[in-house]
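Participant: Residue numbers (the numbering used here), protein chains in the order written: chain R, 7 to 329; chain H, 7 to 329.
It should be emphasised that the hints constitute simulated quantities derived from the structure, not laboratory data.
Careful: at least some of the hints might be erroneous.
Which copy? The list can't say, so a pair holds if one copy fits it or any two copies do.
Said to hold, decoys possible - Derived SDA-like pairs: lysine to any residue, alpha-carbon spacing no greater than 20 Å straight-line:
1) 80 x 129
2) 300 x 11
3) 300 x 10
4) 80 x 151
Here is how the chains run, residue by residue.
2 protein chains.
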Amino acid sequence: MAVYTEVTDDELAPLIADYGLGELLSYKGIAEGVENTNFLVHASEGTFILTLYERRVDPADLPFFLGLLEHLAKRGISCPLPVRNRAGEVLTTIAGRTAALVTYLEGVWPRRPRTVHCGAVGRALAELHLAGADFPMTRPNSLGLEGWHEVFDRFATRADEIAHGLGNLIAYELAYLDRAWPRSLPSGVIHADLFPDNVFFVGERLSGLIDFYFACNDAWAYDLAICLNAWCFEADFSFNATKARALLTAYQALRPLTAAEREAFPILARGAALRFLVTRAYDWLHTDRNALVKPHDPNAYVRRLRFHQEVTSPGEYGLEHAP
Amino acid sequence: MAVYTEVTDDELAPLIADYGLGELLSYKGIAEGVENTNFLVHASEGTFILTLYERRVDPADLPFFLGLLEHLAKRGISCPLPVRNRAGEVLTTIAGRTAALVTYLEGVWPRRPRTVHCGAVGRALAELHLAGADFPMTRPNSLGLEGWHEVFDRFATRADEIAHGLGNLIAYELAYLDRAWPRSLPSGVIHADLFPDNVFFVGERLSGLIDFYFACNDAWAYDLAICLNAWCFEADFSFNATKARALLTAYQALRPLTAAEREAFPILARGAALRFLVTRAYDWLHTDRNALVKPHDPNAYVRRLRFHQEVTSPGEYGLEHAP
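All chains should be built: construct the whole structure from the sequences, respecting the hints.
Facilitator: Shown next as structure tokens:
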């Protein structure tokens with residue numbers, strides 16, 4: 007939630023012209039984007055988002071992310087479309103940063119998702135998986151099981167500063183997942199971070215998906231498990247089975263899960279909870295308390311993980327049978 | 007540069023409907039506004055700024071500020087126009103804050119103003135003064151000579167923490183202005199803060215004026231002296247006489263200064279420099295160094311004040327004769 011880098015009008019106006027977008031009408035730094043600096047740009051040819059890539063995003067990954075957006079948009083997914091400049095490039099440099107200009111998507115993200123939103127996101131996730139199936143580039147998931155170990159190793163000795171017993175909980179879970187994690191489920195491009203703030207709605211109509219900077223290749227059903235964690239728990243950490251059913255049913259209407267995916271779903275849900283638990287715990291311990299961006303409370307994912315640990319069959323998520 | 011208060015979609019969508027602006031399409035917190043929280047709102051009926059009033063702005067002053075914008079817009083000044091809701095009100099409440107919705111002005115503020123910008127702002131300031139002449143409400147200038155004393159009294163003992171001798175400089179200047187300050191110049195509504203970040207351009211065409219939250223009744227020529235300080239000094243603190251001539255000539259083309267105003271101009275320029283010196287010095291000493299909004303360096307106005315102290319006649323600003 008910050009503008010890390012300022013951009014001057016003298017830099018931006020020629021850039022807009024170079025993209026063939028006419029005259030620069032206005033631009034505002036927007037208080038979104040934990041990782042990057044974003045400006046909402048009005049030009050005479052339309053509305054755009056200018057993203058300046060700051061920390062965490064590896065420049066080597068940008069062709070994958072931007073190529074994926076072009077690929078998905080071409081297949082009808084409503085996502086930001088990178089604009090090419092006169093040289094045919096999607097990447098440029100401004101204010102000393104690598105940057106890209108993408109189309110602006112109207113829509114607001116639901117602060118309090120309802121069941122109708124969960125159904126829409128389930129359908130959109132299936133569309134995304136199918137549309138990405140023939141995307142030729144690949145990117146390994148750096149925040150997969152190996153990655154969770156690596157992140158945990160960097161704060162394991164301090165984990166109990168967050169909550170008593172947290173270090174043991176994570177170590178136990180990692181040992182379990184090392185044994186149980188499924189290795190050969192149907193895979194492809196996944197979003198890997200499809201939280202409510204990355205899904206836009208106009209009224210109750212889903213209008214677009216944003217923030218593909220964690221996208222990678224991994225098991226599709228793991229992406230669905232991330233969404234289940236992100237969309238189907240209430241503020242008091244209770245699991246909302248109605249929302250889960252809406253999410254899973256809408257997803258399966260387009261891409262039914264295989265028997266192996268259904269069987270593995272409780273394990274995937276545990277892994278998805280652990281993935282956000284370890285990165286939030288790390289950020290919690292490593293963010294200056296005066297920082298612009300407040301870290302998320304890891305406890306929300308401790309509670310989700312404990313819920314999934316008690317699940318004994320896919321039926322508890324509403325996945326007993328093929329739809 | 008911050009969003010101090012979050013607004014949810016469930017709060018904003020009905021508000022937009024209540025203003026008769028159709029459907030909420032999107033909204034983004036923008037990283038502008040030191041005092042308030044601002045959202046750029048796209049609705050099906052247009053683009054707007056939603057301002058939530060935070061600290062510093064006295065709610066009792068809001069009818070003056072918003073009434074002034076309506077008055078000026080009606081007279082052809084390009085400024086934000088407050089939108090009235092179905093009840094006919096310009097003020098509403100959202101997220102626990104008093105708030106207003108105003109029309110969005112296209113334009114970018116010039117990070118490095120050139121002479122052409124200074125001429126445009128001179129003309130716009132004269133238009134503003136003339137358009138505001140028959141505005142029926144009044145608001146005293148709380149940051150006039152008395153106000154500078156009050157602000158200085160709150161940090162006088164610590165002034166030299168900023169720069170050796172600063173306390174003496176300000177005390178000397180206040181004593182001088184107490185004797186010399188003109189009391190009966192032509193007066194009316196002034197903007198009082200028309201810095202470059204409050205003046206929008208599309209290309210070289212001035213497209214609008216914003217941020218009227220310091221507007222008040224005071225000497226028109228004092229407002230012009232504020233602009234001279236804000237627009238006609240370079241980054242190295244040198245006075246740019248070409249820019250000053252462009253500003254003053256364009257202003258006087260619409261409203262020629264009286265002999266008394268020309269005579270008083272060097273004193274007004276000193277007062278205008280001191281006004282920003284004392285508030286910046288106060289903020290410098292009272293802003294947490296980790297604050298979201300970085301304070302402006304008071305030294306820029308020490309340098310301006312010292313320049314004006316050396317001026318011996320209005321001719322040095324290019325004001326020797328009636329135009």
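Participant: Would you mind marking each hint as holding or not holding in the structure?
Facilitator: Evaluation of the provided hints:
no.: 1; hint: 80 x 129; in the structure: within (18 Å within a copy, 49 Å between copies)
no.: 2; hint: 300 x 11; in the structure: both (19 Å within a copy, 14 Å between copies)
no.: 3; hint: 300 x 10; in the structure: both (15 Å within a copy, 13 Å between copies)
no.: 4; hint: 80 x 151; in the structure: neither (32 Å within a copy, 63 Å between copies)
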